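Residue numbers (my numbering), protein chains in the order written: chain A, 1 to 258; chain B, 1001 to 1317.
Since the hints were derived computationally from the structure, they do not count as laboratory data.
None of these values were measured; they are calculated from a predicted model.
Any given hint could turn out to be false.
Unchecked claim - Pairs of lysine to any residue residues, derived as SDA-like cross-links and limited to a Cα-Cα distance of at most 25 Å, are as follows:
1. B/LYS1275 / A/VAL257
2. B/LYS1254 / A/VAL245
3. A/LYS204 / A/ARG107
4. B/LYS1126 / A/VAL168
5. A/LYS66 / A/LYS199
6. A/LYS204 / A/ALA53
7. B/LYS1157 / B/GLU1313
8. B/LYS1158 / A/ALA255
9. B/LYS1011 / A/VAL168
10. B/LYS1207 / A/MET185
Claimed, not checked - Derived CB-CB ranges, DEER-like:
11. B/LYS1064 / A/GLY27: 40 to 48 Å
12. A/PRO215 / B/GLU1044: 36 to 44 Å
13. B/ALA1290 / A/GLY27: 43 to 51 Å
14. A/SER201 / B/LEU1181: 50 to 58 Å
15. B/GLU1172 / A/TYR188: 52 to 60 Å
16. B/LYS1017 / A/ASP249: 42 to 50 Å
The beta-carbon is built from N, C-alpha and C at its ideal position, and this holds for glycine as well.
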Amino acid sequence: MNTMNIYVCVKHVPDSAATITIEGKNGINEKITFLVNPYDEHAVTEAAKIKAAWSGVEVVAVCLGKPAAENTLRSAMAMGADRSILIETDRSHDSIFTSRALAAAIRSDGQPWIIFTGKESIDNEGMQTQFRLAANLGLPVATDVVKVDVGNGSVRVESEREAGTIDVVRMTTPCVIGVGKGLNMPNYPTIPNIMKSRKKSVRKIGMAELAIEKPATGMEIEELVPAVEQRTPKALTGSAADIAVQIVDILKNEAKVI
Amino acid sequence: MQSIGLLIEFKDGLVKKANFGMATAARGENRHLIALVVDASAGEAKASLEAYGVARILNISTGKQGWDPAVQSAAVVAAIAQFEITNLIGFTSPAGRELLPRIAARLDAPLIMDCTEIDLDAHRAKTSQYSGKTIATIALTGRHFIYGIRANVVTPKKAPTEAEIIDFAFEENRGTGYQVLETRSDGSGAQYLAESDIIISGGRGLKSGENFNLLFDCARKMNASVGASRVAVDNGWVPYAMQVGQTGVKVNPKVYIAVGISGSVQHFAGMKTAKMIIAINSDANAAIMANCDYYAVVDLFEILPELKKQLDEHRQG
């Protein structure tokens, strides 16, 4: 029987708690903590769960990133990926290019059964790579997925659309699944798993090797500025009743919302 | 003349108010505004949107019952080609998050989600990045330009015109491999947070799910929605759909009232664009107290009943 490949696309992103310092016109100082994009941790965990339930499944983590992104692939392997692919680049890319690179790397590696991504990355917050990847490969895609049931030839997923609304969706395989936060509890790496992951392989592919045609369309960050906080807090004082009176007055006369 | 498409959203059969702000943002010299109405009432769209300068309503029908983003996005792509629409604007809403990226992917067109500003002539948009810590100006290149704007970033202004309705029937002949089997709702009927003018949110200080009723009581009196911090959601006090922040909903209300919320970076990532922030916390050193418009150092269990009382009096007065 052929191996069924689950690909998990992961991104190496700054820790959400890190201080972001802008460098130049549109870059950031990267000497800060980077980690696996949090949604991608759920994706790796789900792939490992499916592998455990099915036989002949291999989980491959794929990342487009600078050489330091190898750390994110090591984490993904400590969380359950069997091996990984790093498409090495020296700069950041938009989702139009990224999805082409990921599609090319997956095509060159094998036949996908399921491709997981996070529903968005916490750095660029673009919310679209999973859709572009699916379009590049001609596959169906669901996003913000909070439950996955794998069957023969299809998957049934629950996609969280809005406050309290779930779409139950069936997709034929292969397919792309963008995972949301409610899917599972991530398998955070344990020391023994980190040790084991060091022996797993990271295949590095140069951009030239994939021969990706330069897209005619794009999205380029022209300028990055700090989100300025210009609020000057004013205290509301007095008894609880006094403060309530002042709040209602502000809502009515200043904000004009009631 | 540029044709600007507006992906119209409905709620309970009516055009959502946020669409009026979207039409206002889209208007300009040499622009022709086209409302794209997919499997919904074009008559209602005409009645409400022509007051805001929309000249044409595309009555797009897919022949499918119910929500299917794969088919609906294919229908919009076909309409974009047929009517030579160069710019498409929609919302970064639950439906927009499904439809806009599918449309952009099919067209291989640039898309910026969660825009707080757009410039349709220069093909540029502003959006927050890095958990709301930076604002990026992004330049789009392509033949089509797609923007998912944040609801309520532009105040609606009327510009009456007369709109024509054009029917556009679309049939998806290719299988999409994607089928919505059912849509389940937990019945909470929660007002969608991102579209609320007033949000009152609770955090760790609320101590229990039951205590959120104090917030719901006040919310009802001022037609507000209730949000929550991650702590309140992780503790199981309220559902995830109520979470405001980096990994929850990003909101843009006129007034955000944070009750018993310390104000982490991740929480700010979801609400920092509120026009006014009022913080209520018993801890004078909570981060949010230094980054708001008004703050009150007070026990929330004392102030919330008083606030409810005052709102009651306001309504009666």
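Tested hints:
Of the supplied pair hints, the one linking B/LYS1275 and A/VAL257 holds, its CA atoms being roughly 11 Å apart against a limit of 25 Å. Using a Cα cut-off of 25 Å, the hinted pair B/LYS1254 and A/VAL245 holds, with the two alpha carbons roughly 19 Å apart. For a cut-off of 25 Å, the pair hint linking A/LYS204 to A/ARG107 stands: about 15 Å separates their Cα positions. Distance restraint check for B/LYS1126 and A/VAL168: the Cα-Cα separation of roughly 34 Å exceeds the 25 Å cut-off, and the hinted pair is therefore not satisfied.
Of the supplied pair hints, the one linking A/LYS66 and A/LYS199 holds, its CA atoms being roughly 21 Å apart against a limit of 25 Å. A hinted pair counts as satisfied when its Cα atoms are at most 25 Å apart, and A/LYS204 with A/ALA53 does not qualify at roughly 29 Å. Taken as a hint, the B/LYS1157 and B/GLU1313 pair is broken in the structure, with Cα atoms around 32 Å apart against an allowance of 25 Å. Using a Cα cut-off of 25 Å, the hinted pair B/LYS1158 and A/ALA255 holds, with the two alpha carbons roughly 21 Å apart.
With a CA separation close to 21 Å, the supplied pair B/LYS1011 and A/VAL168 stays within the 25 Å bound. At most 25 Å may separate the alpha-carbon atoms for a hinted pair to count; B/LYS1207 and A/MET185 meet this at roughly 24 Å. Hint check: B/LYS1064 to A/GLY27, Cβ distance near 45 Å, so the stated range 40 to 48 Å holds. At roughly 39 Å, the beta-carbon separation of A/PRO215 and B/GLU1044 lies within the given 36 to 44 Å, and the hint holds.
Taking the beta carbon of each, B/ALA1290 and A/GLY27 are about 29 Å apart, not inside 43 to 51 Å as hinted. Our hint of 50 to 58 Å for A/SER201 and B/LEU1181 is violated, since their Cβ atoms are close to 39 Å apart. Range check, B/GLU1172 to A/TYR188: Cβ separation about 42 Å, and the 52 to 60 Å hint is violated. Hint check: B/LYS1017 to A/ASP249, Cβ distance near 26 Å, so the stated range 42 to 50 Å is violated.
Of the numbered hints stated above, those contradicted by the structure are hints 4, 6, 7, 13, 14, 15, 16, listed in ascending order.
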